[in-house]
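When you get a sec, could you build the whole thing from the sequences and use the hints?
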Amino acid sequence: MSYVSKTQMRKVVISGTIGSGKTYISNILKERGVPVLCLDEVAAHIRDTQAKADIIEAFGQDILTNDEIDRKKLGNIVFASKQAKRQLESFIHPKVLVEMQAFFKKHTQAPICVVEVANVHEFGWEVYFDEVWIVTCDDAVAIERLMKQRGYSKEYANTVLNAQKKFMPTAQQVSAYIYNNPGDDVVSQLDTLLESRGSYDIT
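Under my numbering, think of the first position of the sequence shown as 5, with each following residue one higher.
Quick caveat, the hints were computed from the structure, so don't treat them as lab data. There may be inaccurate statements among the hints.
Claimed, not checked - Label-pair distances were calculated between CB atoms; the ranges are:
no.	residue 1	residue 2	range
1	110	84	33 to 39 Å
2	162	15	31 to 37 Å
3	128	83	16 to 22 Å
4	176	127	24 to 30 Å
5	35	86	37 to 43 Å
6	191	98	18 to 24 Å
7	110	52	21 to 27 Å
No experiment lies behind these values; they were computed from the predicted model shown. For each residue, glycine too, the CB sits at the ideal point set by N, CA and C.
If you want it as structure tokens, here you go:
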């Protein structure tokens, strides 16, 4: 299956709560030749390289394991403190936005560019996109995925999920929902979205 461009490039963000399956959706789009950038991966790279020294200075040597930033240790700190979370974001987010704009510039000839980010409305980044696509699933499904794939306890998975849900956009702010419960035909949903947006013809 291949796609032929019909319109100029549109910027689409794929968002949703933890465990909804955003990366799974992104991988399907990649298979169809759609340029996709995962901002979690970009942020992780920046955290471990460009921003590493600032983060260690701010949060101390205790966040290190074998001289590398321990994501879980750092996460425990920022999850418990809004001030710490904002401070970490101040080190990382400006650099993330630079990388995102470079991604758009690189793919100006593509009919659509997709950026994957957990909570786009939490940061106000929806202004950078033409459309917001939300990946959604039942809470029980998300919790089961987090327990199986990340080793979270049920209680911790539920806590993280509920913390993110309060940043989810209203229906009026969403261009499309992608339903990702077991049995949902995600591929057909994505193909329909691509065609209906006039970005691609399936040939």
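- [ ] Provide an ascending list of the numbers of those earlier hints which the structure does not satisfy.
- [x] 4, 6
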